[in-house]
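As you go down the protein sequences, you meet chains A and B in turn. Residue 1 is where the first sequence starts when you use the numbering used here, and the numbers rise one by one after that. Residue 1 is where the second sequence starts when you use the numbering used here, and the numbers rise one by one after that.
No lab work stands behind these hints, which were simulated from the structure alone. Using N, Cα and C, we set each Cβ at its ideal position, and we do this for glycine too. Be aware that a few hints might be false.
[Stated by the list, open to error] Sample of chain B residues at the chain A side, in silico, Cβ under 8 Å:
#1 82
#2 127
#3 129
#4 137
#5 140
#6 141
#7 143
#8 144
#9 153
#10 190
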Amino acid sequence: MAVYKRGYQRYSGPLTGSLTRFLVLPRYAWRRLYQQRLVLLLTMLAFVWPLLCAGFIYLTNHAELLQGLDREFREFIQVDGRFFSVFMYVQAGFAVFLAALAGPSLIAPDLANNALPLYFSRPLTRWSYALARLTVLMGMLSIVTWVPGLILFGLQVGLAGGGWFRANWTLGAGMVVGFLIWLLLLSLVAMASSAYVKWRVVAAAVTLAFFFILGGIGEMIDQVLRVTWGHIIDPAWSVNQVWCALLGVDPPTGPGAAASAGALATMIVLLVVVIERKLRPVEVVS
Amino acid sequence: MSSSPVVELENLKVRLGRREILHGITCRLGVSGTGKAVGLLGPNGAGKSTLILTLLGFLKASSGRARILGLDCAHSMGDARSRIGYMPENDAFIGDMTAVAFVRQMAELSGLPPEAALEKAHQVLFHVGLGEARYRELRTYSLGMKQMAKLAQAIVHGPELVILDEPTNGLDPAARRRMLKLITEMKNEQGMNVLVCSHLLRDIEQVCDEAVIMKDGAIVHHCNLEEERRSNRSFVELEVSGDDSQLRAALPEIGAEGVPEGLGRWRIVLPPGVEVDAIWRIAGQQQLLVRKLSHRRDTLEEIFLKAMGHLSQTPGDAPPSPRSGFGEVSAN
């Protein structure tokens with residue numbers, strides 16, 4: 001029978017599990033996000049570099065193809081920590097722009113359209129709402145970061161063999177952990193700017209500005225005070241320090257990986273507090 | 001079927017910042033599972049919205065307790081929320097979603113499986129009159145359509161209790177009638193309990209079975225509108241011309257009591273089960289010409305004004321100085 005002929009009757013069937021119910025939000029959000037051409041275009045562009053890296057891995061594992069090249073050059077092009085760190089820098093850059101592009105459309109419309117009371121009047125807590133939004137961004141950014149990274153790692157293992165894997169498995173693990181730290185920070189920054197700025201363009205600008213301004217301030221502190229610890233407030237620099245430690249690459253001069261990890265953790269906690277203050281069904285003016 | 005109250009408040013106090021908004025409210029409203037509507041009335045700033053937000057768990061009580069469908073609002077809100085639907089007063093939607101996607105998403109968040117949610121979304125949108133517009137984005141809707149979409153998302157999961165905050169706000173007369181009809185259907189046909197918060201007395205009077213009047217963060221009156229309606233039906237104003245001297249003696253024959261007010265005017269209280277026809281018959285027997293016969297209603301507006309302190313008494317209640325004992329009769 002056609003829907004319009006059936007008439008409305010109260011639902012009395014089984015309900016879905018309450019713990020996984022928050023995943024409804026990411027499902028709908030992804031569908032809407034990938035309807036944006038710019039997001040789709042940037043996502044596709046972000047696969048160019050992994051494809052080039054895949055070609056590089058193929059090349060390094062086929063010595064016969066490199067026979068005409070200089071010996072020093074052949075020794076230089078190897079799949080090691082340095083290779084993965086370069087791969088990560090490029091993909092991390094794409095992730096920043098994707099987060100700035102997609103992040104503002106997550107919370108800002110809900111705030112602008114007063115949709116939060118509708119969500120929170122259902123069995124959905126503020127934390128599960130925030131987790132759902134975080135899942136949207138983390139999931140989306142994972143597709144262009146650690147997922148292709150892991151595929152590259154798998155490709156290298158497949159071509160180089162089990163011996164290479166046993167000697168370098170920490171590279172794969174380090175890459176995933178390093179990316180996850182970066183994605184968490186990126187997602188929280190995008191969510192915080194989206195929660196405070198209702199206009200998407202401005203929220204995107206704020207997301208980008210967060211990284212550039214803190215980077216600039218860090219550089220300024222170093223120059224003015226003639227120190228090296230100023231960079232610690234630059235999230236990109238700090239995460240680079242952590243990546244270097246994870247991938248076994250020589251780090252740049254400045255505070256070590258532990259201090260940088262501490263700085264990143266502080267930023268993450270502050271961002272969570274900022275988001276928590278804004279995600280309320282009603283705003284109470286004291 | 002449970003017989004616990006829909007809303008139960010025990011000395012509920014709510015503070016916003018330094019101000020205490022609700023001052024120790026205690027009451028029991030409705031009976032769960034009975035399909036009744038409770039109206040929440042009061043002027044601006046009376047605390048209606050604060051009470052609703054507290055019931056939804058959006059605001060925390062500073063002391064006391066609030067229970068909704070027998071569940072504590074402070075500790076079991078997750079369970080309670082899966083059994084309630086909420087239609088906020090202000091615009092609340094996701095602009096770039098179609099109505100059907102929006103309502104489906106809300107149904108899924110309430111726990112419906114995706115297929116059932118889609119089916120219910122279509123059904124409920126047809127039910128509220130948005131069937132033909134269900135694939136349009138919500139931002140393109142008129143105010144009345146947005147109100148209906150808000151109602152649709154509030155009832156799509158078949159809640160036991162629906163909380164409606166100013167449901168007829170901004171609606172034209174036809175849309176208002178439709179909204180009130182839907183609310184009446186929700187309680188009568190679907191057995192949902194409804195809590196309607198409104199400042200429009202006529203709306204409350206039309207759809208509610210109980211009414212609570214709030215003022216300055218306290219409940220100043222709680223009345224059963226069904227009983228009020230019943231008493232209204234038996235309260236008659238009569239004006240006749242001719243010799244009405246025998247009317248007073250004739251009225252007890254049908255169990256009625258009457259008070260002459262001079263110049264052929266009478267105030268009569270009919271007992272339950274006796275219709276107005278009996279008055280016509282007596283008037284005919286006594287060859288009186290009926291010039292006016294009306295049910296003088298003890299309207300919600302009068303009850304409201306009395307609760308607000310603008311009237312010294314509700315007409316029909318005992319007057320300060322009873323005239324020939326009539327007030328005693330109509331005080332029930």
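Here is what the structure says about each hint:
1. For the restraint placing residue 82(B) at the interface with chain A, the shortest Cβ-Cβ distance is roughly 5 Å, inside the 8 Å limit, so the hint holds.
2. For residue 127(B), the suggested interface contact is upheld, since its CB lies about 4 Å from the closest CB of chain A, less than 8 Å.
3. Residue-level restraint check for residue 129(B) is violated (minimum Cβ-Cβ distance to chain A is 11 Å; threshold 8 Å).
4. Interface restraint check for residue 137(B): the shortest CB-CB distance to chain A comes to about 11 Å, outside 8 Å, so the restraint is violated.
5. Of the supplied interface hints, the one on residue 140(B) is violated, with its beta-carbon coming no nearer than about 13 Å to a beta-carbon of chain A, more than 8 Å.
6. Given the 8 Å rule on beta carbons, the hint for residue 141(B) is violated: about 12 Å separates it from the nearest Cβ of chain A.
7. Checking residue 143(B) against chain A: minimum C-beta separation of about 14 Å lies over 8 Å; hint violated.
8. Interface hint at residue 144(B): violated, since its Cβ lies 17 Å from the closest Cβ of chain A, which is beyond the 8 Å cut-off.
9. For residue 153(B), the shortest C-beta to C-beta distance to chain A is roughly 6 Å, which falls under 8 Å, so the interface hint holds.
10. Interface hint status for residue 190(B): upheld, as the beta-carbon distance to the closest one in chain A is roughly 5 Å, under 8 Å.
Checked against the numbered hints above, the structure breaks hints 3, 4, 5, 6, 7, 8 and satisfies the rest.
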